[in-house]
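J.: Chains as they are written, first to last, in numbering that gives the first Met the number 0: chain W, 0 to 89; chain Y, 0 to 142.
Don't take every hint at face value.
[To be verified] Among chain W residues calculated to face chain Y with C-beta under 10 angstroms, some are:
| # | residue |
| --- | --- |
| 1 | 14 |
| 2 | 26 |
| 3 | 62 |
| 4 | 64 |
These are computed hints drawn from the structure, not numbers from a lab. All values derive from a computational prediction rather than experimental measurement. Beta carbons: idealized from backbone N, C-alpha and C, even for Gly.
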Amino acid sequence: MGTFHRGKGPLHGLTVVVDTDGPELYIGRCDDVVEAGVLLQDADLHRDEAGASGKEEFVARAARVGHWPRIGEILVPRERVASIRLLAEV
Amino acid sequence: MPYSPMLVRPMREELTSAGFEELTTAEEVERFMADRGGSALVVVNSVCGCAAGMARPGVRLALQDGPRPDRLATVFAGQDLEATARMRSHFPDLPPSSPSMALFRDGELVYFLPRHKIEGRDALAVARDLAEAFTRHCAAAGT
Numbered sequence: 000m001g002t003f004h005r006g007k008g009p010l011h012g013l014t015v016v017v018d019t020d021g022p023e024l025y026i027g028r029c030d031d032v033v034e035a036g037v038l039l040q041d042a043d044l045h046r047d048e049a050g051a052s053g054k055e056e057f058v059a060r061a062a063r064v065g066h067w068p069r070i071g072e073i074l075v076p077r078e079r080v081a082s083i084r085l086l087a088e089v
Numbered sequence: 000m001p002y003s004p005m006l007v008r009p010m011r012e013e014l015t016s017a018g019f020e021e022l023t024t025a026e027e028v029e030r031f032m033a034d035r036g037g038s039a040l041v042v043v044n045s046v047c048g049c050a051a052g053m054a055r056p057g058v059r060l061a062l063q064d065g066p067r068p069d070r071l072a073t074v075f076a077g078q079d080l081e082a083t084a085r086m087r088s089h090f091p092d093l094p095p096s097s098p099s100m101a102l103f104r105d106g107e108l109v110y111f112l113p114r115h116k117i118e119g120r121d122a123l124a125v126a127r128d129l130a131e132a133f134t135r136h137c138a139a140a141g142t
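For reference, chain W alone in the conformation it holds in the complex:
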């Protein structure tokens, strides 16, 4: 038995990797994909910077053990979203 959330899109409740057209990449639990963008809860943000590990390394670690929920809720604007994929399928 569980609780379910009606009226949300198919990605609701699933942990997704949202890559952007810039240096930022987000991993979080998708609340919904709406007109304005992708709404994430309990998300973590990676920013590509000189000397830091890359996006793929960040994603690979999260795929093994999960991600840190450093951001309670965030909307990734639609125009910034380059791709969305399930963390479980990485």
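Based on these hints, arrange chain Y on the given structure of chain W.
T.: For chain Y alone, coordinates are given in the frame of chain W:
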């Protein structure tokens, strides 16, 4: 804010009826974790049906046949906050995740199933992953 105790009671019972000891205080967690012998499975239970709705049936299925952990315990994330925080302190390098499952062998964490490897799957698939872990970590010493 925690959900109503009445709402979550069946979610607790889904595990306790399968033999899980429910740990609701930090002291209970420490008592359980102090016994480092053999194998122990800890389920971090959760209300959210998106993942926990498959986690609980999955673990029940996995325990039906084959090797199984010597001891079973559960804490309830979002409900028993102190117990959950104390349990997570036993695997501090892993991000908090609920539902999730941690398998210990002789006091060492040997397997962890985070939420994202549960959500979107059915109970059988979750059970298969767990059964594989039980075979690897619980059967070797004849437990």
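J.: Next, verify each hint and record whether it holds.
T.: Hints versus structure:
| no. | hint | in the structure |
| --- | --- | --- |
| 1 | 14 | holds (4 angstroms) |
| 2 | 26 | holds (9 angstroms) |
| 3 | 62 | holds (8 angstroms) |
| 4 | 64 | holds (5 angstroms) |
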